[in-house]
Amino acid sequence: MTPTVTLEVRDLSTHFHASGTTLKAVDGVSFSVARGKVLGLVGESGSGKTVTGFSIMRLVDPPGFIAGGSILFQGLDLARISNEEMRRLRGNRIAMIFQDPMMTLNPVLRVDTQMVETILAHESTSREEARQRARDALGMVGIPSPDERLRSYPHQFSGGMRQRVAIAIAMLHRPELIIADEPTTALDVTIQGQILAEVQKLTRQFGTSLIWISHDLSVVAALADEIAVMYAGRLVEQGEVGEVLDRPLHPYTKGLIDSVPSRNRRGAPLRQIQGMTPSLANLPSGCSFRTRCPRAAEICQQAPATREWLPGHTARCHRPHHLVEEPA
Amino acid sequence: MAATSIRSIFGGRKGGEQTPFRRFVAEFAASKLAVLGLVVLSMIGLIAIFAPWLAPQNPYDLAQLDIMDGMLEPATTGGSGFTYWLGTDEQGRDMLSAIMYGLRISLFVGAGSAVLAFVVGATLGLVAAYFGGKTDALIMRWVDLQLSFPSILVALLILALLGRGVMNVVMALVIVEWAYYARTARAAALVERSREYVEAAQCLALPTRRIVFRHLLPNCLPPLIVIATMQVASAIALEATLSFLGLGVPVTEPSLGLLISNGYQYMLSGNYWISFYPGVALLVTIVAINLVGDHLRDVLNPRLKS
Amino acid sequence: MSSSPMVELVGIAKRFSKPAGIASRIARRFGGPERATTVHAIDGVDLAIARGQVLGLVGESGCGKSTLGRIVAGIMPPSEGEVRWQGRNVAGATRAEARKAKLGIQMIFQDPMSSLNPRMRVADIVGEAPLVHGLVGRREIDAYVDEQLVSAGLDPAYKRRYPHQFSGGQRQRISIARALAVQPQFLVCDESVAALDVSIQAQVINLFLKLREDLDLTYLFISHDLGVVEHLSDRVAIMYLGRIVEEAPTGEIFARANHPYTQSLLAAVPKIENRKTTFVAVKGEIPSPLNPPAGCHFHPRCPHAFARCRSERPAIRQIAPDHFSACHLNDEPR
Amino acid sequence: QSQELVVGSQGDPSLDPHYMYIGTNVAFWRHIYGSLTMHDDKGSPVPDLAESYRLVDDHTWEFKLRPDVKLEDGSMLSADDVVYSLDRAKSIPGNPSPYTVRLESITDVKAVDPTTVRITTDKANPYLPGNLVDIAILPRKATEGKATGDFTSQAGIGEYGRYRVSSFAPGDRVVLDRNEDYWGEKPYWKRVTFRVMPNDASRVAALLAGDVDLVDFVPPTDVKKLRENPNVAVHDGPSTRMMVLLLNYRDGQIAGLTDAGGKPLDKNPLKDVRVRKALSKAMDRQALVDRIMDGTADVATQIAMPGMEGYDPDLKIDNADPQGAKALLAEAGYPNGFGINIACSNNRYPNDARICQAVGQMLARGGFQPKVETLPMSVLMTSLVGSAPDKRDFAIGMLGLGAQGTHPIALPTMVHSVDKASGRGAYNFGGYSNPELDGVIDKAVGTLDSTARNDLMRTAVDRATEEVVVLPLLFQRVLTASKSDLTYTTDPTEETLTWRAKPKAQ
Amino acid sequence: MVSYLLNRILQAGLVMLVMSAIVFLGVFAIGNPVDILISPQATALQREEAIRALGLDLPVWHQYLNFLSNLLHGDLGRSFVFNVPALQLILERMPATLELAIAATLLALVAGIPLGLYAGLAPKSPVSSSIMAGSILGFSLPSFWVGIVLIMLFSVHLGWLPSSGRGDTAVWLGVRWSFLTVDGLAHMAMPVLNLALFQISMVIRLTRAGVREVILSDYVKFARAKGLRESRIIFVHILKNILIPVITVVGLNLGTVIAFAVVTETIFSWPGMGKLIIDSINILDRPVIVAYLMLMVLMFVIINLLVDLIYSVLDPRVRLGAR
Ligand SMILES: Nc1ncnc2c1ncn2[C@@H]1O[C@H](COP(=O)(O)OP(=O)(O)OP(=O)(O)O)[C@@H](O)[C@H]1O
Ligand SMILES: Nc1ncnc2c1ncn2[C@@H]1O[C@H](COP(=O)(O)OP(=O)(O)OP(=O)(O)O)[C@@H](O)[C@H]1O
Ligand SMILES: [Mg+2]
Ligand SMILES: [Mg+2]
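Protein chains in written order, with our numbering: chain A, 47 to 374; chain B, 865 to 1170; chain C, 12 to 345; chain D, 54 to 559; chain E, 21 to 343.
In isolation and in its complexed conformation, chain A is listed as follows (with noise of 0.2 Å):
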């Protein structure tokens, strides 16, 4: 049995035109979600996480604009569809939420509207209905007198109820994939703990697809099945989540996860990866870790390509781990 895929992104590339030269924030990037599955999306900081979520929403704003590749969606490729079809798609079959809860609802709006609306967008029933259907998403995710709450605003929310009502919008018209955008990271331990819980059961409900975007890596180990590793606006590795952990290929995952403080003898000094992280706009040629790569030779002078090393795992990387010699 094949899994149906949800989306499949193939060589998505999106740039963005700043002061004269093009940043190639997401560069050539491929990877599928199957339906029901979790795909984690990680890498550091301005790594392209966010702007590659966004390229699949079509929301990347000017002066941003996506460059080539095609997004297919059961099919659709959503780079190609007209702007009134992807409104279309956004919020009913492809939900987003954001990272930070405090900013994502609009202050001045009750909750009722904010939900309201989205309903009546994508779908022509009564203001009532859509009320009552708005309530049951509240008491889905968890948020105790949902009737109070509707009419409630969002300063009225503490960060991790706003989130929580962000993805009851987002499962208002139960999608089939939803981009979740390091949406735990403004949060504390035990409310980031609550709002995995409440994901972990709604896609396990209702068979949607997920893209979660993390910088942390033991979230993403918890809740994925498929981890994909961003560096300087590509993929670098991409496999099952067990296969990738405990036997990354490419350097810069196996220094992601060495350098996690549980991975290092306590009050030993942690592994670190060399060097910091090159800004976009000068990035090595070749290979874009090559500067902070253990491993770096001479081939890596060239661009590598993306291999499938293993089966369902891939590099990007000439010498990956396991495989290729360690220097000496």
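Any given hint could turn out to be false.
To be verified - Computed footprint of chain D on chain E; a stretch qualifies when at least three of its residues, placed anywhere within it, have a C-beta under 8 Å from a C-beta of chain D: (1) 94 to 101; (2) 219 to 229.
What the hints assert, rightly or not - Straight-line distance between alpha carbons at most 30 Å, and here's what the computed DSS-like set of lysine-lysine pairs gives: (3) 473(D) to 320(D); (4) 83(A) to 241(E); (5) 83(A) to 294(C); (6) 896(B) to 144(E).
Stated by the list, open to error - Derived DEER-like restraints, expressed as beta-carbon distance ranges: (7) 942(B) to 492(D): 30 to 36 Å; (8) 885(B) to 315(D): 43 to 49 Å; (9) 221(C) to 250(E): 41 to 47 Å; (10) 324(C) to 1058(B): 27 to 33 Å; (11) 388(D) to 885(B): 54 to 60 Å.
Just so you know, these hints were derived from the structure itself, not from any lab. Where is the CB? At the ideal position from N, CA and C, for every residue including glycine.
Assemble the complex: chain A is given as a structure, and chains B, C, D and E with the ligands must be docked to it using the hints.
Using the frame of chain A, we list chains B, C, D and E with the ligands on its own:
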């Protein structure tokens, strides 16, 4: 084009040391309109500064005026064989010279009041923000009180009190305007004060005066500079209005506003030039300042930048 | 504790209150209702940090960690209680002594950008305080600054630059150099690595470890990241709504957490080792410090809460050697 | 034709005719009430409500009322109303500018019979009929006990003159309807609207735009252009208002009189008649008339204008002679001149600030170092009269002095020494004092015989001119403009009297 | 809420008291009304009588105390020039000024918001650039100069609009209003435009800046992610957010508009309070000046309070008393 050349001088050098100032200049130069405004403004400034050497006549010296040359149309040659390119007013005052000198007064009033109000207002605003509590309450209540009162009325009252005279106008404008600086400085300082570098400075046991003036003040400057440019323009306009209402600078030493006001009475009689040219000069000046200030606001406003 | 504490907090409390308006003050005089405008950010904290020790302070947002850090660093006076620096009350000290104490404790902040004055060059940021306090002469300052930059792992060639020209990790190093320049013995690190990327975070943590070795520094390490705290600290104190609820050596706390809050905190942290876990949520929201629950602050969220928890504040008691906890459950037979 | 007239009026009238003695107020109440006497075109008093008047003895005047002045309630105006009105005019509470100045020297007013009033004065007063021109006579029954505010709120009380107030919007307009019961010749206009427009330019603009039919106080600057406009007619006539420079005669240092370095002079040079002559010589009065006033003024050769008592047709004013002025200055010991300030109003008289500057210019040419200060009238008056006489610091002050009738008011008010008791020398801010001249003036104003009085006045005028006590500059002209299909005769007192405006066809 | 209002009223009272002292002393120092009002031909006796009758012979503090005690009885003194209560005099003229100021404010909102919205949504278009350039001009032109030019153009040259005055009025609620008659509206057109010009520029800029900021916010992006139509995003999500600062600033500026009516009223002979105050200053009609200024302070206090209330209604985040 001026914009590109300025950029190439200050901002274009790759790898050169990028000071905040250079960055700022480069960003400023990005707007052609603002650069044009700056160029015009500089020219106006130069004209004002060098008016005594540039102007064909000293319009403030009554002995140089000849009433028999009064009301001449532009480009007429008067009895003394002197050509008045922009005409004369009823006193025989050469309008070209009068505009140059008027610019001088208007700019002096505008800039002078802005500088003084800046010093007074910024200091009080910073002090209020840094110390908070009673000091803050006292200063800010006073600011509120003053801001809640229309500037033009305050100025009218003060001038009625102090009498005419350039310095009095400046004083009146300072009294009217310092509150804007105080409020802006306080608002900016409150934001800056909550930044951790201030705490760091306190942690390093630096003297309070040093923290306020060396750490806080420089970081509160951008909004203050924006306010200052805007206030220069509004001070010039306010002075013009005051002169128009009959309070303001002395008649024998007219500012642009007073020239317009004088000429206003001739508008209907067809002697348009007495009011028209000073009006144009005033307009160009204020527009130039506002263009510069406006763009400064965009460049200096961190919120729009990120 | 074996060695004498370097810093000791005794009965520290901090309240923030909005000054009431004229009207409400008058209303209060006539017996009108008082509006609660007081935040009890710190509510009776005793803490001792021994020389050379790293104390990790963990808690959720708004529980008062930063406030406590500021009080220790002398940026903020406590409303109640006293801070003792090497056994002496800082508040009662002479000016010179107070200044010495203040310089002895330095703080590294969370946001590497906002903790540096954007209009000063690195050289001035690092060199200002030593110059003002006369630790170094005008002539030696250049070399001195270089030295500090090097020990914070920065290239002295960058010292003519401005903060915005650095990356986050480098900026945090500048902060560290600035603190080191006044030769402190104690560092308060307030979420100092929270804003950094994982890969950079490791670099800065390593720097802290190295400095501790080299300079024999003592740390108060504030963080909400249990992983980092576990890695770095000798002891851990858990804070909830202005109170310390549990305190013990690191291994002890991670192995045998006593307080229900500590337990739920540990349970909620995802671990990279655990794949495809099913998350279970701790119920309830974090209460507001404006209006904290009576009794034990944690009782509304606590799975074991009983009547006494709702009315009586549990005292912090030793429950095992060197392991302190504030929970009524310890008094009851389980 | 509608017989409606809309006037753009500078003044905002008070409806209480005894409150605030200001020219525009007088002009207004003349529309709705009457006075015992009225002035003719020249300014001489003629009977009005009084049919006739005569001198009973040196101290008593008798006025005979018209029998046909019908009041609002149908009754007739009586002598009692006159007694009442003359008393009321003096006793309005809180009136900062009472009409009392016109009632000075009256000691008793008696109604002899319903149509005869006798007025007793403390000394012979030839000017009484002229003074009474400005005192409105109100009907006692309708107005007794009414306060000023009542006149406003009730939009006029007991009007019996040519018009009755139909509506009043303070600061905006007053609408008058013709009184069909008026005793005299009825005015042509059935309805007259005064629209209040204090701003000169907007008044003229309103006329040009056709919003109003007639505007008063046309600024001289606009006259030339208006005359060229075929749709507009400008009506001008002489005015009794004289623009005059007052000099400060005070001893001791005066801030307005300085040496080259700006330090006050120890000795007041203005006390030297040669210096004063130099000032006069420096003045180019003709240029002021031509250039500043656009020809809408007359050169003042003396403090009396033609037609006034004491006018001396033989007095000529020299042409401007800056060189002569310099020579005189040198002779007086000031070869390099001295600093002298000139304080003028800038919002009171037509072109006041401009005249002032031009004067400064002329003084500069005449060897002085002038400093021109123009101030709002309120501030100017404070600096001219506000401080104690021995502290006044102006050197030259400019005033516009308007006379009522043919009385050369400058003599008793500006030339005569200050005498608080009698009110003489009220405008003599500079403190000039010449007992000999005082004697002549005192004698003149108490002389009932007009020829003798005229001779005395002329003596005084000649002496004052010779002494250059003050520097008369020019006499203004009254400037009124209307649509071109109207005729209008101006009044030398600057009063705008709408019944003098008539359609051209008439 | 009650305590908040109480607080505000107490503060307002204090402000009024301080202002009254300042204003009183200030006006006192300008000059002596008698010097200008009384005919100089008055004898010394007459002069003294007038001074006493007006209470001007007392020392300043005494006059001030008298003023205060009268104030408590709602009496702000009588106008020297008109001999009617100063307050009445001002209140009679207030509707004309308010009419002008409110019309100008409304015009500013009606014209400024759409223009600003456009300029903010399409910042690169040439139309937007011209809107913004125009707004700088509107900022820069001194209002008296604009007034003159308007009269020259529309009344004198084109003859379209009446040059000055208030025109026909109709009575409504016992007050005369111009906006109820066609002639009145024609008379209002230029003064309103003159007064509104600055406001329009300000509203344009505020709106544009607001749009530029709000449009980048997460919640607008989130609204897009919800699949809302663009019209709803602009007119509900964006507009409602920018209306808050715009209305606040415009509201707070109402006082300034009223004050600047001084200039407009002078030029257009508009029979409002502004013209009255200028005349009163010229002739030192002290009670009117003081009463006017006190009224202005009161008006400001009220406007500020109203704006705060409106603000709290518009912006759910602000709850009075909890500040
Ligand atoms: N509006 C923009 N203009 C120019 N560059 C942009 C813009 N938005 C994003 N970028 C660039 O695109 C790159 C990727 O940004 P993105 O926000 O996707 O990073 P991210 O992986 O989500 O990081 P983070 O973890 O900080 O959210 C960054 O280098 C950023 O500089
Ligand atoms: N200057 C202040 N004025 C008023 N309240 C304050 C102030 N500083 C802190 N507080 C309040 O005190 C409480 C504790 O704040 P603190 O910053 O110490 O928390 P924290 O534990 O550091 O939280 P975080 O993890 O978010 O940094 C908070 O509720 C906060 O709102
Ligand atoms: Mg992101
Ligand atoms: Mg904190």
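Cross-check of the supplied hints:
Remark: the region 94 to 101 of chain E is confirmed as covered by chain D, as 3 of its residues place a Cβ nearer than 8 Å to a Cβ of that chain, reaching the required three. A count of 0 residues in the region 219 to 229 of chain E with a Cβ less than 8 Å from any Cβ of chain D is obtained; the coverage claim is therefore unmet, three being the minimum. For the given pair, residue 473(D) sits about 27 Å from residue 320(D) by alpha-carbon distance, which is consistent with the 30 Å threshold. Among the hinted pairs, residue 83(A) with residue 241(E) is consistent with the structure: their alpha-carbon atoms are about 26 Å apart, no more than 30 Å.
With a C-alpha separation of about 27 Å, the suggested pair residue 83(A) and residue 294(C) falls inside the 30 Å cut-off, and the hint holds. Simply put, residue 896(B) and residue 144(E) have alpha-carbon atoms about 14 Å apart, close enough for the 30 Å limit, and the pair holds. Against the hinted window of 30 to 36 Å, the Cβ-Cβ separation of residue 942(B) and residue 492(D) comes to about 51 Å, which falls outside the hint. As the Cβ distance of residue 885(B) to residue 315(D) is approximately 45 Å, the hint placing it in 43 to 49 Å holds.
Between residue 221(C) and residue 250(E) the Cβ separation comes to about 55 Å, which falls outside the hinted range of 41 to 47 Å. Evaluation of the 27 to 33 Å hint for residue 324(C) and residue 1058(B) yields a pass: the beta carbon distance comes to about 32 Å. For residue 388(D) and residue 885(B), the Cβ-Cβ distance of about 59 Å falls inside the hinted range of 54 to 60 Å, so the restraint holds.
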